[in-house]
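Trainee: If you want the building blocks of each chain, they are given just below.
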Amino acid sequence: MTGPAIFLLLAGLGAIAWVSARARALRLQGVARASGRRDAVHSLPGYHGWYVALWTLIPAALFLAVWANVSPGLVTQDVLSSSAAQALPADGFSRSSILGEARAIATGAQAGAFNPLSQGLVQPYKDAIGKYGLAGAVLALVLAFAGGAYAFTRVRPDFRARTRVERLVMASLLIASLLAIITTVGIVASLLWESFRFFSMVNPIDFLFGTKWSPQSAAMGYGNEDAFGAVPLFWGTIFIGAIIAMIVAIPLGLMSAIYLTQYANPAVRRWMKPTLEMLAGVPTVVYGYFAALTIAPALRDFAVSIGIQSASSESALAAGLVMGVMIIPFVSSMADDSIAAVPQSMRDGSLAMGATTSETIRKVLIPAALPGVVGGVLLAVSRAIGETMIVVMAAGLSANLTLNPFASVTTVTTQIVQLLTGDQEFDSAKTLAAFALGLVLFIVTLLLNIVALRVVKKYREAYD
Amino acid sequence: MTTKRLPTDWKSDVMRNRIARRYAAERRFRLIGLFAVLLSAAFLAFLLFTMLGNGLRGFTRTEIAVKIDFAASPLLLDPNAITDEALSNANLPMVTSDAVTKALGADADDWVSPTAWIVLRDRIKADPKILSRTETVTLPASTEIDRAAKGDGSPEAEATVDRLKGAGLLTTGFNFNFLTASDGTDPTQVGIWGAFKGSLLTMLVTLALSFPIGVATALYLEEYARKNWLTDIIEVSINNLAAVPSIIFGLLGLSIFLNFLHLPRSAALVGGMTLALMTMPVIVIAGRNAIKSVPPSIRDAALGIGASPVQVVFHHVLPLALPGILTGTIIGMARALGETAPLLMIGMRAFIATPPGGITDPATVLPVQIFLWSDEVSKGFVEKTSAAIIVLLIFLLAMNGLAIYLRNKFEKRW
Amino acid sequence: GCGDQSSGGGAGGTRDQIRAVGSSTVYPFATAVAELFVQGNAGMKSPIIESTGTGGGMKLFCAGVGAQYPDIANASRRIKKSEFDDCQKNGVKDIIEVQIGVDGLAFAESNRGPGLKLTPKIVYEALAANPYGKGPNKTQNWNDVDPSLPAIPISVFGPPSTSGTRDSLAELILEKGCQSDPAMKALKDENEDEYKATCTRVREDGKYVDSGENDNLIVQKLDKNPNAIGVFGYSFLEENNDKLNDIPIDGVEATYETVSTGKYPGARPLYIYVKKAHMQAIPGLQGFLNAYAANWGPNGALTKRGMVAAPEDVRKGSAEAVKSLAVLDGSKLK
Amino acid sequence: MMHEPQTLVPATETKMTARDVNVFYGDKQAIKGVSIDVDMDNVTAFIGPSGCGKSTFLRTLNRMNDTVASARVEGTITLDGENIYASSMDVVQLRARVGMVFQKPNPFPKSIYENIAYGPRIHGLASGKADLDIIVEKSLRRAGLWDEVKDRLHDSGTALSGGQQQRLCIGRAIAVEPEVILMDEPCSALDPIATAKIEELIHELRGRYAIVIVTHNMQQAARVSQRTAFFHLGELVEYGVTSDIFTNPRQERTKDYITGRYG
Amino acid sequence: MMHEPQTLVPATETKMTARDVNVFYGDKQAIKGVSIDVDMDNVTAFIGPSGCGKSTFLRTLNRMNDTVASARVEGTITLDGENIYASSMDVVQLRARVGMVFQKPNPFPKSIYENIAYGPRIHGLASGKADLDIIVEKSLRRAGLWDEVKDRLHDSGTALSGGQQQRLCIGRAIAVEPEVILMDEPCSALDPIATAKIEELIHELRGRYAIVIVTHNMQQAARVSQRTAFFHLGELVEYGVTSDIFTNPRQERTKDYITGRYG
Ligand SMILES: Nc1ncnc2c1ncn2[C@@H]1O[C@H](COP(=O)(O)OP(=O)(O)OP(=O)(O)O)[C@@H](O)[C@H]1O
Ligand SMILES: Nc1ncnc2c1ncn2[C@@H]1O[C@H](COP(=O)(O)OP(=O)(O)OP(=O)(O)O)[C@@H](O)[C@H]1O
Ligand SMILES: [Mg+2]
Ligand SMILES: [Mg+2]
Ligand SMILES: O=P([O-])([O-])[O-]
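Protein chains in written order, with our numbering: chain A, 134 to 597; chain B, 19 to 432; chain C, 719 to 1052; chain D, 174 to 436; chain E, 174 to 436.
Just to be clear, a hint being listed does not mean it is correct.
[As the list claims (entries may be wrong)] What follows is a list of derived Cβ distance ranges for each label pair: (1) G206/A / K1050/C: 28 to 36 Å; (2) E153/B / S1042/C: 39 to 47 Å; (3) I307/D / K264/A: 55 to 63 Å; (4) L94/B / A431/A: 54 to 62 Å; (5) R403/A / F53/B: 36 to 44 Å.
[Unchecked claim] Going by beta-carbon spacing under 10 Å, a handful of chain E positions derived as facing chain D: (6) Q202; (7) A203; (8) T229; (9) G335; (10) R340.
FYI, nobody ran anything at the bench for these hints, they're computed from the structure.
Remember, predicted model here, so these are calculated numbers, not experimental data.
Every residue gets a Cβ at the ideal spot worked out from N, C-alpha and C, and that includes glycine.
Modelling step: build the complete structure from the supplied sequences, incorporating the hints.
Mentor: Right, dumping it as structure tokens:
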């Protein structure tokens, strides 16, 4: 029995369970309702349907998931004990590739045999797969019936089917949020572990407060002491991502959102908002080329013309400006949504006091929409910090500690990518430095987020 | 309280000046807003304009008509037994180059694309009878001629183009091949389909994972989780995920999906899962903000007539929050669509010449394809790169189109 | 469920597509061969070539034997002893080494540029972080290095420290320039580490600009900035000779001729490394290698793509390696 | 202070009881030791100055205070003898049985029809579209809104006038046919005619449902209720037969309030 | 039908006039040819059944209808003889001069203090912090809220009870010292004492400000107003001296409504 067939069969069973349970509940409840008391009936018949359908499907599906992982091993064991398998070579990879090929032919994933030996194994494979497939299907069906029957007997007018089904919904919501949390934990754990190894090679103080960054010299055996000073990277990150890019993105994004929600006519807003959102989707290579070949040379010429001779053709300013443009939608769209969500009565209240539209926006709407606005700005900063391509192409890779926006700087993320791609040895300080950088970045943004959360909590103005 | 205030004297100079100032501020504010919108739009227009300028040429290709006498050519082919195998052994490249030189002169071999013989192969396969005829076949021009025909070539090549044009042998037409072929090494023959399909599959996986999980997480945290330090920690750390450099997600994908779960390398499945990790926080954050801004009185109203918390959420809160959630989804997916770094880690920065058949087949995606082409030696790839960018943007538009439609549909003011 | 396509559960899995990883320099040639291989072998699936940089490729290549590990590593330098040992440790015992051709490490400037002429010594003195161990590099303009050069600021766009190309720059040019000082030669025998650091470390004050792994970007930046010079593979120079001029090293220009004969100081070999254990398991692997051999000659398809063919005797040796699948002896590696 | 409920005019079935209920918003106590019985056959009116806790207490009766994070309820409240704060209580069912009309009209941003149909739908009270239409019409009629909106049932409920919105919310609450109806100043936004209709509705519902109504309008309390509870500063000052309270209050504070001699 | 305003009890200065005003929401006409004069020394009450257009008309008087996208106003409305819909009219100033209290309380999600201080701040009516404090206290006192909130001026205005919120909004409106005050059912959420305070405030303000009040409470209309306008289905049915309207309505419809014999 094939996968899709079982799937269809189960889906059919589930549907039948749903319909029959619903019908039963409907009938029983009709009787109970007629007899008076209101709490004699608890859940809508549909919930009974779902309850029984879920009992039919979930145990069987769980079983099949387990079976799908167990049965290939059983199949292989069966095949290996067949006579044709005795001719297999002892060497691991050839052996497994022959087996794999035979399996592929047996399941129809591959047409002809590349290795003659595998042809003989096709039949044993077919047999074994058929055997275990059937066994699995039968067991799954039995489980489905058992589950369904158990649940079906519980259908009573006052049975709290809705509560059960909703508990499952809640459980799945919980599991979903756990997944998000597990991702975080996974990232933190891996960062922590590798950083720990890094810090056993490099003094954390040197790393955190050193002002010289040149990991390749460390890789060349020049010593770890003054090769891993990450301050220039932190500064570069802040300079490009949190200062220059934000100087572009926050005013443009926020003012665009304000204009579109409060001043522009709704049709304009309907078109402009998605149009601006396209800025976030232009691939960063494109921005990179744009920054490196159009903006950066122009900025350098400008800097030279105003007498900054040291201006380099790679500049923090070029990368930051273009990055700022890229993240405008993060600010504008999120701010737009939260401003639009502030109830009309708030606006009316302010306008009726004789406030101008801009006063209403600045003093009433923005404070009420603060969480969304701050959320958008945080996302934008995050995105700017995480960006690499533009920096590589337009700001260069040299770790300078400078206030000069026309100088070349680099960022933490860019260095992480540089360290992790290309030559990588997962036991050298050079590669591990990427994790330490990642960890510091994580901690810094964490602090940033905590502060933002506090600020929002303090200044948020909850309406309604 | 003795001070009796009289109605404010709005006609006094002080008040008049004040009002004038406020109006000036109002106008300024409004102008700044307009300016911001226009400036942002101008950036976009500029980008689009430049890309269209460079990229539209990528959608056309130059072809040269060549008369080939199949019967007389030294083809090792039996018209009754045309198989793929026979064709690949039929010495077609040689035959093509002979035919071209015979028809157009000694240097003409450089005028047609080195892979022009594929056209012959396909023609023969489609109609074996051609082997007994003389037929005019239009072959793709080489990069040099193609560029010259588009006004961007060396003087010699341009002279050749003029000559061929004069003879009526040179045509420029829409490059369907670009939309149907996959990666290759000859810019006149490459296409975007493989990468497009890869992106499509990857985005489907990303959306299928990140949207439900993101929305569910946002709902759980905002509506059901008890507000305490634990939820604060969760909130902050999810916000923080958005700031984790994307390549770190690539590392996570590498170690979990490839090294631990043994999922196939370079596959859309793994790419999609990795990008989903990255997109999810954006959806969660936007979703929570959107959920927060649903007025509590709506929840009260529903609870008050006996809706269960789950019903309140799915019947009222979610529909009202959907526009905001979709905004998050749009920008999250847009970012995922344009992302390359994490995909490097899981092997999607690769030459993959066959379009993926499913989510477990090796695949590449549009931004990676763009990145790879932008680093190609041959200049013929420059316009292909821009053309691929246009395709990516169209993809982006189409993807956002649906979400935007839904968003506009659900948006309500109250 | 899972486990149906690639991993055959207990069977360990199989793969019907060749996988190669590694150098971005070799990447265009590998893809060209892959294409030819498919065209010449009807029904074969196209090999998958990943561009990870030489070091990254080696790392993946040496991770083990089996369907989930690549079959081939492309390299723009020879495998290192440390990498070879890593391979051995992970059970990748038998490795076949094939030199597929030669590449030149070209130095170029815009054709509106000053027309520099360089030597390894000048390059070393201009780019070293600490020339001859005598303290940080203070040179600002080319004429600070050598009075015969024009008084324009030093500005070099080159590959990042993670690429094989950068390794080649260090080995072929910088070390050579460095050794012009006999003291350095002596240092090499005394203290290998310090020698390496002194001779191959590149300055980080912005005179040398890491430009990611995107050589076209360097080309375009040179076009915008006529006083800068760029370092990249020979094929880019060849393709962009309408915009760029070659900068001769030691008076030798990078041309097909000089690179292939090895007269050009920046000439370097390109390799592929193949797992012998995969030869039997992966369909078409032998055919793929044959496709290399058929196309790496002086008039072959690879030279059309900008590769420089290896000298006759090297090609013969490589062809032999492809045929006999002779295994690399790790003891001679550095 | 008198907390003990008295036996009232018609001997009736007690529907809800509250015993020693305290409600806190954070540290602030909004309800102080209130005990009260709500009858099946009598309409109970809560009166008292603004901010005295009427809404707060009303919300404890169907556990709407659960939704205010800072709110905490102490004491016992029963419905048909069952403690509604017991963990076995199904809050959802409780709220379906104890319906509520809020002080500020809060229609869903859906159509008028959907606003009314929502409750019957989730509780499965209609067997089909036609049935639902009937329920919607009946509820709107009872709420005195039918004539005004019958031609625009599919317009948004939020585009109605203030009074119309409030009547919509009343219609929405009675569409579920609850056993107890809690009305928090249902007529404050209504004109006399609409008010009269609602009062008529209350009269009509009386006996079938237990009804609690918060009102600032003494005349209204006198007109519609049989029992009146007077709250002051979170305390239940006096609770008794409406006519007694209005004609012969036992407490000084009640008297002062009733006669408007307060504050 | 009588549209012409009559000369009234005390000869007074006319503050606002409306002539042939029509208001449409999209296609639906909500106000039909209303003409009315608002006096400086008289309080004008708007009465009429729910949904008849009282709020709509009130909102045309300070152009709050501008904020409703679908609303369209025809006709002339003047303030001190100036057409408020003229393009030369300064809407901001207009709204500062014609203050408004809404039907649904809508305090800003700010502290109580900030809610009151908002208007004086934007109009520059306070010369400093101390001055502002005085204005806030005075406004809250007048709105009858001071004693309840004086200890928590920095709590959010949204955490007040419904009646408190409404009084906060009244306080907010008078803090700007407007010339005309439009009140849309200001007392509907208030208890008798608070209502009495507001009525007292109205009495106090009368003469200095022109006051328009929408109310459903006939007694209130009779108590506080000198002139009453009765609206029905968007039309101004009758407008005249309050005592006349209540004792001797000329129109049948008015009489029916006043005596509750409607619908
Ligand atoms: N969410 C809340 N948080 C804190 N305090 C609150 C909250 N809601 C109400 N209060 C306070 O609790 C007290 C009682 O409020 P409640 O809303 O019950 O009054 P009420 O009697 O209904 O008044 P009104 O007639 O004005 O509606 C008031 O002092 C009010 O300010
Ligand atoms: N924003 C709107 N869009 C469309 N119609 C509206 C809107 N606001 C009000 N209406 C309609 O206009 C008519 C008049 O409404 P208005 O709010 O002026 O009534 P009202 O006299 O204030 O009633 P109430 O006493 O119930 O507040 C009503 O039929 C109402 O449904
Ligand atoms: Mg209340
Ligand atoms: Mg109204
Ligand atoms: O990619 P590389 O050839 O420079 O390693």
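Trainee: Using Cβ atoms only, decide whether T229/E comes closer than 10 Å to chain D, and label the hint accordingly.
Mentor: Check passed: Cβ of T229/E comes within 8 Å of chain D, closer than 10 Å.
Trainee: Under 10 Å, Cβ to Cβ, is where R340/E needs to be relative to chain D, so tell me if that hint holds or is violated.
Mentor: 8 Å, holds
Trainee: Quick check on G335/E please, does its C-beta sit within 10 Å of some C-beta on chain D?
Mentor: 4 Å, holds
Trainee: May I ask you to test the hint 39 to 47 Å on the CB atoms belonging to E153/B and S1042/C?
Mentor: Given a distance of about 46 Å, which is inside 39 to 47 Å, the answer is holds.
Trainee: Is 28 to 36 Å a correct range for the gap between the Cβ atoms of G206/A and K1050/C?
Mentor: At 44 Å between Cβs, range violated.
Trainee: Given A203/E as an interface hint, is its Cβ closer than 10 Å to any Cβ of chain D?
Mentor: At about 9 Å, which falls below the 10 Å cut-off, the nearest Cβ of chain D leaves the hint on A203/E intact, so it holds.
Trainee: Assuming the hint says 54 to 62 Å, is it satisfied by the Cβ distance from L94/B to A431/A or not?
Mentor: 59 Å, holds
Trainee: Tell me if the interface restraint on Q202/E is satisfied: Cβ within less than 10 Å of some Cβ in chain D.
Mentor: 14 Å, violated
Trainee: Does 36 to 44 Å hold as the CB distance between R403/A and F53/B, or does it fail?
Mentor: Violated, at about 21 Å.
Trainee: Quick check: does the Cβ-Cβ distance between I307/D and K264/A fall within 55 to 63 Å?
Mentor: Holds: the Cβ-Cβ distance is about 60 Å, inside 55 to 63 Å.
Consistency note: the structure conflicts with the earlier hints numbered 1, 5, 6.
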